[in-house]
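Residue numbers (the working numbering): 1 to 281.
Don't read these hints as lab results, they were simulated from the structure. Check each hint, because a few of them may be wrong.
[Stated by the list, open to error] Label-pair restraints from in silico Cβ distances:
no.	residue 1	residue 2	range
1	V174	L196	20 to 26 Å
2	L239	M51	39 to 45 Å
3	R75	P133	26 to 32 Å
4	M1	P226	23 to 29 Å
5	P226	P67	32 to 38 Å
6	D58	G173	26 to 32 Å
7	R59	F255	50 to 56 Å
8	R59	D92	30 to 36 Å
9	Q243	R75	54 to 60 Å
10	T205	E21	31 to 37 Å
11	T184	V38	32 to 38 Å
12	D24	G61	43 to 49 Å
[Stated by the list, open to error] Keeping only pairs whose Cα atoms sit at most 16 Å apart, straight-line, the calculated EDC-like set for lysine to aspartate or glutamate is:
no.	residue 1	residue 2
13	K82	D103
14	K82	D100
15	K276	D261
16	K183	E216
17	K183	E146
18	K183	E128
19	K165	D178
20	K156	D103
21	K82	E72
22	K156	E143
23	K82	E55
Because the structure is a prediction, the values reported are computed rather than measured. No residue lacks a Cβ here, since even glycine has one placed at the ideal position from N, Cα and C.
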Amino acid sequence: MNAPAWSARQEFAREVERPDEDIDLARVALLVAREEYVQLPVDRYLVRLDMLAEEARDRLGSEHAPPVVLTETLRNLFGVRKLRGNRNHYHDPRNSFLNDVLDRGLGIPLTLGIILLETGWRLDLPLEGVNFPGHFLVRYRGEAVEFLIDPFHGGKVRLRSEAQKILDRQHGGVVQLDDRHLKTATKQDMIVRLLLNLKGIYHRTRDHARALAAVERILIVRPTAPTQIRDRGYLLAQLGRAQEAVTQLETYLTFAPAARDVQRVEALVHELRNGKAGGKR
Numbered sequence: 001m002n003a004p005a006w007s008a009r010q011e012f013a014r015e016v017e018r019p020d021e022d023i024d025l026a027r028v029a030l031l032v033a034r035e036e037y038v039q040l041p042v043d044r045y046l047v048r049l050d051m052l053a054e055e056a057r058d059r060l061g062s063e064h065a066p067p068v069v070l071t072e073t074l075r076n077l078f079g080v081r082k083l084r085g086n087r088n089h090y091h092d093p094r095n096s097f098l099n100d101v102l103d104r105g106l107g108i109p110l111t112l113g114i115i116l117l118e119t120g121w122r123l124d125l126p127l128e129g130v131n132f133p134g135h136f137l138v139r140y141r142g143e144a145v146e147f148l149i150d151p152f153h154g155g156k157v158r159l160r161s162e163a164q165k166i167l168d169r170q171h172g173g174v175v176q177l178d179d180r181h182l183k184t185a186t187k188q189d190m191i192v193r194l195l196l197n198l199k200g201i202y203h204r205t206r207d208h209a210r211a212l213a214a215v216e217r218i219l220i221v222r223p224t225a226p227t228q229i230r231d232r233g234y235l236l237a238q239l240g241r242a243q244e245a246v247t248q249l250e251t252y253l254t255f256a257p258a259a260r261d262v263q264r265v266e267a268l269v270h271e272l273r274n275g276k277a278g279g280k281r
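With the hints as extra help, turn the sequences into a complete structure.
What follows is the structure, encoded as structure tokens:
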């Protein structure tokens, strides 16, 4: 890892170690991108978010009622600025880099949701992320009303019944919506979800180095996540770093002694210890 990327990794670690309420979500998302774009001017993009909030505030004048503020925020982001979901190239990694989403106006539910959250928080709106399976949502939790917002589809307001329809598309109608599907996402949850998206993209393209970078940052946030420890071992093996891979895989076996893949992991450890090519999952 070059020096600028390492600096971004160190700053990332410092940010995510804060209490969740003190984490600057947008800054952390931009630090994720900064390992890809080592000269990324993080503060300049944070100012871009300030400007999005100011644009809505200027149009509101003296109006401060949260529902009105929200309506103007959605209109500005998805109507005027035309932020939209990238349906044609959903797995383009640029959809997961907040700077690219701000520049291109294209993103995935999570990154579009982060922009909505950060803009709304600057306007004191009661917004929170929702870790909905397969399709990140934002919740407006007002004093008199509560509803979901779908940032991928133009900031459309979704009722609970519509959330069931989204779930049906994901699981073929065999999963019944319940409260666990609508759990509030912490900032750490959102950061991990962002990195899992990147990990999946790079795994599909067999970009093991970038997949490893994503896993390593997940482990900064969730140091004892067994599957990430295991996957770090697999990726290290793919990159020819056998001894490091063995250490990670043995750590995984310690954390998850009853996992279904124990025999496969043990076999890979044996191969790596004996100098045989390994690492294929």
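Results of checking the hints against the structure:
1. V174 / L196: 20 to 26 Å: 23 Å, holds
2. L239 / M51: 39 to 45 Å: At roughly 41 Å between Cβ atoms, M51 and L239 fall inside 39 to 45 Å, so the hint holds.
3. R75 / P133: 26 to 32 Å: 29 Å, holds
4. M1 / P226: 23 to 29 Å: The hint (23 to 29 Å, Cβ to Cβ) holds, given that M1 and P226 are roughly 24 Å apart.
5. P226 / P67: 32 to 38 Å: 44 Å, violated
6. D58 / G173: 26 to 32 Å: 45 Å, violated
7. R59 / F255: 50 to 56 Å: 52 Å, holds
8. R59 / D92: 30 to 36 Å: 32 Å, holds
9. Q243 / R75: 54 to 60 Å: Distance hint for Q243, R75 holds at roughly 56 Å.
10. T205 / E21: 31 to 37 Å: With a Cβ separation near 36 Å, T205 and E21 satisfy 31 to 37 Å, so the hint holds.
11. T184 / V38: 32 to 38 Å: 34 Å, holds
12. D24 / G61: 43 to 49 Å: 29 Å, violated
13. K82 / D103: Holds, because 11 Å separates the two Cα atoms, which is no more than 16 Å.
14. K82 / D100: Distance ~14 Å between K82 and D100 Cα, so the pair holds.
15. K276 / D261: 20 Å, violated
16. K183 / E216: Given that 16 Å is the threshold and the Cα spacing comes to 25 Å, the pair is violated.
17. K183 / E146: Since the Cα atoms of K183 and E146 sit roughly 14 Å apart, the hinted pair holds (cutoff 16 Å).
18. K183 / E128: 10 Å, holds
19. K165 / D178: Within the cut-off at roughly 13 Å; holds.
20. K156 / D103: 22 Å, violated
21. K82 / E72: 13 Å, holds
22. K156 / E143: Roughly 20 Å separates the two Cα atoms, so the pair is violated.
23. K82 / E55: 14 Å, holds
Of the hints listed earlier, those the structure fails to meet are numbers 5, 6, 12, 15, 16, 20, 22, in rising order.
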